[in-house]
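Put the two chains together into one complex; each comes in its own frame, and the hints tell you how they fit.
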Amino acid sequence: MKIILNNKTEEITGFEKITVTELLKFKNFTFKMLVVRINNRIIKKEEFDESVIYEGDNVMVLHLISGG
Amino acid sequence: MKFEEIKEKLKDKIVGIAGAGGLGSNCAASLVRCGVGTIIIADFDTINETNLNRQYFFFEQIGEKKVEAIKVNLLKINPYVNVITIDKKLEADDITEVFSKCDVIVEAFDNAEMKKMIIETVLNKMSDKPLIVGSGLAGYGNTSEIKLQKYENLYIYGDGTNDVSEENPPLAPKVNIVANMQADVVLSILLNKKNENNT
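In order, the protein sequence lines correspond to chains A and B.
Reminder that position 18 of the first sequence reads as 18 in the working numbering, one-by-one numbering, no gaps.
Convert by adding 1000 to the 1-based position in the second sequence; the result is the number in the working numbering.
To be clear, the hints were calculated from the coordinates, so they are not data collected in a lab.
You may find that some hints are simply not true.
Taking beta-carbon pairs under 10 Å as the criterion, some of the chain B residues facing chain A (in silico) [as the list claims (entries may be wrong)]:
no., residue
1, GLY1019
2, GLY1022
3, MET1114
4, LYS1115
5, LEU1123
6, ALA1138
7, LYS1150
8, TYR1151
9, ILE1156
10, GLY1160
11, THR1161
12, VAL1164
13, ALA1179
These stretches of chain B come out as covered by chain A in the derived footprint (C-beta under 8 Å, 3 or more residues) [claimed, not checked]:
no., segment
14, 1105-1111
15, 1116-1122
16, 1128-1137
Per label pair, the in silico range of CB-to-CB distance [what the hints assert, rightly or not]:
no., chain 1, residue 1, chain 2, residue 2, range
17, B, SER1144, A, THR9, 22 to 28 Å
18, A, LYS44, B, SER1144, 30 to 36 Å
19, A, LYS45, B, PRO1173, 30 to 36 Å
20, B, LYS1002, A, GLU47, 47 to 53 Å
21, A, PHE31, B, PHE1059, 35 to 41 Å
Beta carbons are placed, not taken as given, at the ideal position from N, Cα and C, and that holds for glycine.
Only chain B is shown next, with the shape it has when bound in the complex (with noise of 0.2 Å):
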């Protein structure tokens, strides 16, 4: 498929991505470059100088808030595309009313309690709605253990046991790796590309 016709199939899409960190401000980054029409992306948090290391914001854009900050920095890129931001700590009601008209939903939370959350209420009440969730992304080295693991609709990429710690902090490279394997599959379904290692 050319690129004009993929940006052409994916102008009418609408994204979702609960939380503007690492994997989330990364995957919105690459899904505007490649032509999605609108992402609606949610987080509570402002950026702090520690977040630099590997979210999709800059230094001068401390202490904004991550929702408007990304928003800013997604129309830079693409100035037609369609950013609904939504400066909230999600909840389980929330995900169901915030991403309901979402073609794909992706998990980009920090913490595993909150990846839990998504998940289940996704399963539960919406299915049908493929869901992308990054489950183990910390330190670097050993990138070759970064795998998929599919049920239905819901799909997990990661390395399935690097935690995040004092001593093994989130950095650029593999997170990175791990929010563009999430935008991968999210253009993979979108444009309904049927691959055995992906779909």
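Just chain A, with the same shape it has in the complex (with noise of 0.2 Å):
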């Protein structure tokens, strides 16, 4: 399926969803302190794993690192 991520379009092959934890396995997203939202909506951490993304769906996934 395609979704958007991070303002580009992404094929995430072989899935036709994803739950966030599964996609930031597949992307191979190590960071720990991660800002995630799905369209318009905010991901805590604890439901990475029951949140779904779908086909079209507008997701972005900050790390933050320290320093200021």
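Rendered as structure tokens:
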């Protein structure tokens, strides 16, 4: 399926839907401090396992780094 | 636009800055130099000698509250600027209250967890408010890696990789670059300048 991930169209091969946890694994995102949004909904860390992303969804995965 | 016109447009603007460390103190100084009329700046910390490698403070100010010292320093640049200080470690509820009247909010915290907190709060509760974040600015070198990620009203500047550690401290040049990229996009937003790379 195709989704928009961080402003780019991305093919998620082999999935018809995917949870946030599965997406992070699929993309090899290993960052600790994340802000995740599906369409206009912010997803909390404890919801990553059950939050499902479908074809055409607009997903933002930001990782934040310390320093300021 | 002439500088006089820029100053005239900026004098009624309010910029909120969450943190008066490396990003916040330097960003505030640039905004005041350009003529932003009101700065609301929040921090709970005091100045330590180790802060002087990047923050807009002076040796004689060691031990002072950062918000008090930055107010003094900003007023030295422009005695007509209105500086509102919040001496507090901000939590989610404070963000919406403290920055409700701001035209733009600058994220200038040091730790990633606080950065996450302000992004989630602003996206959830005040998503029409532009928020400018700095993330990834430790060490030196590779400044061409510092990029903008933009999502609607959310702007994130940084190299996206350089985490602060004992062996990779934040230092004036790179911290200043990010702080001033934040200040520059604040100007673009406040002056309504459409720039393909920035807004």
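Of the hints given before, which are not true for this structure?
none
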